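Since the structure of chain A is provided, determine the placement of chain B on it from the hints.
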Amino acid sequence: MTLLRIPVLTVGTAVAQIWANKVRSMLTTLGIIIAVASVIIVSSVAVGLKQYMLDQFASFGANKVWIFPDWPDDQPERYTWRQVRITPEQARGLLENCPSLKRISPIMNLQARVQIGDKLRDFVKVEGISPDWHEIEQRFVTVGRPFKSIDEEEKAQVCLINDKGVEELGLPADPTGTVVLLDSRRFTIIGVVETKTPSPLFGGRNETKVEMFIPFSTGELMRPEPGMYIVGQTRGAEFVDDVKAEVRFYMRRARGLGPGEPNTFGVEAIDQVIGEFNKIAAAFSVGLAGLVGISLVVGGIGIMNIMLVSVSERTHEIGLRKAVGAQPAVIMLQFLVEAVVLCLVGCAIGIVLGAGVIMLLKLAPDSPVGKSEIPVWSLILSVGFSAFTGVVFGMGPAIKAASLDPIEALRHE
Amino acid sequence: MSIRIRNLAKVYRMGTEEVHALRGVDLDIGDNEFVAIMGASGSGKSTLMNIVGCLDRPTSGTYELGDIRVEKMSATKLASVRNREIGFVFQSFELLGRATALKNVMLPMLYSAQWWGARKRAKDALASVGLAERMGHKPNQLSGGQKQRVAIARALVNKPRILLADEPTGALDSKTSEDIMALFRELHNKGQTVILVTHEEDIAGYANRIIRLRDGRIVSDYPTDKDPVHQDYIQRALEHAQRMADDNAQTQSKSAASLAAVSASLAGGAS
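Residue numbers (my numbering), protein chains in the order written: chain A, 1 to 413; chain B, 1001 to 1271.
Just chain A, same shape as in the assembly (with noise of 0.2 Å):
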């Protein structure tokens, strides 16, 4: 009964005691001070971090999968490009066989010399895709209408152009209607592409250049054997391996390779880029972790320091409390109670002073910590560590005041 009513008139006066003593006190709380706002700090941004590479994975395209042509490492020469390259009719297999496979869509690589009125250009980056494409990339038309699965199957004469092109070639705002020359065939423009440039943290440089687009299959007249790969989106997140294993049997099977026999092709997901990106992160947690132990126990010798000093300076209280009957747990208790409020403060400091780094960090404009929030487990993990360092080092002051002789301690001015 007396060891549950004395923590809860503590806190008032162990609060009275912390305020009677302003700066000392918030000088010894430093340490638990840092230790918090840095949790703080490093947590949101953290968050802030992941969310902002969320982000840039979700504009990249979620769920992405690359199958390619790969020579095999160990005997490359065994294999011809006519057995490794990817085939229009492996790309249309594909979806039927992979259920994991939401969509896909071939890409090949035409370097195309493009005439548009008297402009004339060599080298025009452009790609046979279908209409997929879009929803795979998350390039979504600007002006006009995106490919249509009508176009791929009438081969139609039509492409899309990115917004650099519409720049650089001199076009109309609009330039859907234009007749613009690829390989001296005749192809009307219907629409433009918005631009993306990749982020820099996936090796994206800041410079965009001209894009065009045609359907795949009008693409195959142009060139019969094309370089191609194919770009597809899993069901989800958690599809990804399923993925993986479906692709590998399936082309394994369409390219009557045996038992022995090594892949002739590879399969690539984005989820080894999270991959990595996690493994960072757990780094980063544990360098963290240390730092703000590092930061826990420097602020807890702090506060014992302080709490012995209030022992002594209040030893004749103490013997008072004594004399009138204080046993020694309540009042080990009490000064237990004043070094966990004492730390708690320091939190408290501490995540109002972690806080306002954030605020400032996401006032900063394009900043990639601008999704920053305090994650709840931090703040847990604050209070929770805060609470144990009072507990743990102000156990030796408070059982220091404990086992005062109350006549000595009386005595004592």
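Just so you know, not all the hints are guaranteed correct.
[Stated by the list, open to error] Pairs of lysine-lysine residues, derived as BS3-like cross-links and limited to a Cα-Cα distance of at most 27 Å, are as follows:
{"hint": "1", "chain 1": "A", "residue 1": "K196", "chain 2": "A", "residue 2": "K209"}
{"hint": "2", "chain 1": "B", "residue 1": "K1190", "chain 2": "B", "residue 2": "K1175"}
{"hint": "3", "chain 1": "B", "residue 1": "K1159", "chain 2": "B", "residue 2": "K1190"}
{"hint": "4", "chain 1": "B", "residue 1": "K1138", "chain 2": "A", "residue 2": "K22"}
{"hint": "5", "chain 1": "A", "residue 1": "K102", "chain 2": "A", "residue 2": "K196"}
{"hint": "6", "chain 1": "A", "residue 1": "K400", "chain 2": "B", "residue 2": "K1103"}
{"hint": "7", "chain 1": "A", "residue 1": "K209", "chain 2": "A", "residue 2": "K164"}
{"hint": "8", "chain 1": "A", "residue 1": "K279", "chain 2": "A", "residue 2": "K64"}
{"hint": "9", "chain 1": "B", "residue 1": "K1103", "chain 2": "A", "residue 2": "K22"}
{"hint": "10", "chain 1": "A", "residue 1": "K400", "chain 2": "B", "residue 2": "K1072"}
{"hint": "11", "chain 1": "A", "residue 1": "K400", "chain 2": "B", "residue 2": "K1077"}
{"hint": "12", "chain 1": "A", "residue 1": "K279", "chain 2": "A", "residue 2": "K371"}
{"hint": "13", "chain 1": "A", "residue 1": "K362", "chain 2": "A", "residue 2": "K50"}
{"hint": "14", "chain 1": "B", "residue 1": "K1190", "chain 2": "B", "residue 2": "K1103"}
{"hint": "15", "chain 1": "A", "residue 1": "K50", "chain 2": "A", "residue 2": "K371"}
[Said to hold, decoys possible] Some residues of chain B that are not near chain A, with every Cβ distance over 12 Å (derived):
{"hint": "16", "residue": "E1064"}
{"hint": "17", "residue": "K1072"}
{"hint": "18", "residue": "A1171"}
Since the hints were derived computationally from the structure, they do not count as laboratory data.
All values derive from a computational prediction rather than experimental measurement.
A virtual CB, placed ideally from N, CA and C, is assigned to each residue, including glycine.
For chain B alone, kept in the frame of chain A given last:
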């Protein structure tokens, strides 16, 4: 019987030397007694007070407080006994400076089992020492006498078996001392057992019984009106007052009144 002490001894070890503070003390104090314990410094008076007050344990001997055997108790149990059975009044008041009179009086109840109604009981205790109007004041807003009244209220608030006052007037002027001692008498008249530790004869004179210690032993134990040392002291004080009065009578005529006042105060305490 409030206190029953048999063959009590206390030995301190100071480095390699043993100091015998008490050498076999037998002492009985009944309910509702008003006892003064006297002795010079080094007589063992403080040691006896600490043991009686359950602040310290004897080296040997027995101590029964009411029906509690105290001599072998743990520090924790002693704390509870102090809380319930002993009310301390100290020479230097020992009030918490940052707490109001009321909070100071509530302090012992903080450590007792009866927190419920603590405020009410503290107010009653303050009212009983005549400080009902001052309970919101902090010690630095109170006079010495008022501080000691607060301390007495605090000592009484748990209704202890023994009120143990250690030189309660040592920090007070003589007029205030008289007031405080009158308060002790009043408490005694209401049934409170009071033990007074002092080295001043005129303060001891307020008690009904005087116990004198020397070198760790009780050397005399008499009712105040039969204590030869005390009676001798009163005699000399009266003579001194008489002389002063005679001296004054040569120049002033109101000497009779002052003599009467001195006699009254000395005799009044010992009644």
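_So if I understand the rule, the pair passes when the alpha-carbon distance is 27 Å or less; does K400 (chain A) with K1103 (chain B) pass?_
Within the cut-off at roughly 26 Å; holds.
With a cut-off of 27 Å on the C-alpha distance, tell me whether K102 (chain A) and K196 (chain A) pass. Holds, at roughly 22 Å.
*asked:* For K1190 (chain B) and K1175 (chain B), compute the direct alpha-carbon distance and say whether it is at most 27 Å.
replied: Within the cut-off at roughly 23 Å; holds.
**Message:** Check whether the Cα positions of K196 (chain A) and K209 (chain A) lie no farther apart than 27 Å.
**Reply:** It holds: about 10 Å lies between the C-alpha atoms, which stays within 27 Å.
Against chain A, does K1072 (chain B) hold up as non-interface, every C-beta pair farther apart than 12 Å?
K1072 (chain B) clear of chain A: closest Cβ-Cβ about 17 Å, beyond 12 Å.
Discussion item. Would the hint linking K362 (chain A) and K50 (chain A) be met if the CA-CA limit is 27 Å?
Written reply: Since the Cα atoms of K362 (chain A) and K50 (chain A) sit roughly 15 Å apart, the hinted pair holds (cutoff 27 Å).
task: Test the statement that E1064 (chain B) is away from the interface with chain A: the closest C-beta pair must be farther apart than 12 Å.
output: holds, 19 Å
For the pair supplied as a hint, K400 (chain A) and K1072 (chain B), confirm whether the alpha-carbon distance does not exceed 27 Å.
-> holds, 23 Å
* Is the straight-line distance between the alpha-carbon of K1190 (chain B) and that of K1103 (chain B) 27 Å or less? -> Holds. K1190 (chain B) to K1103 (chain B) sits at ~25 Å (cutoff 27 Å).
- Task: Quickly compare the C-alpha distance for K400 (chain A) and K1077 (chain B) to 27 Å and report which way the hint goes.
- Result: Holds: K400 (chain A) and K1077 (chain B) sit about 19 Å apart, inside 27 Å.
* Asked: Hey, K1159 (chain B) versus K1190 (chain B), does the alpha-carbon distance stay inside 27 Å?
  -> holds, 12 Å
ask   = Under the criterion that the straight-line Cα-Cα distance not exceed 27 Å, is the pair K1103 (chain B), K22 (chain A) satisfied?
value = The given pair, whose Cα atoms are some 23 Å apart, holds under the 27 Å limit.
No hint from the list above goes unmet by this structure.
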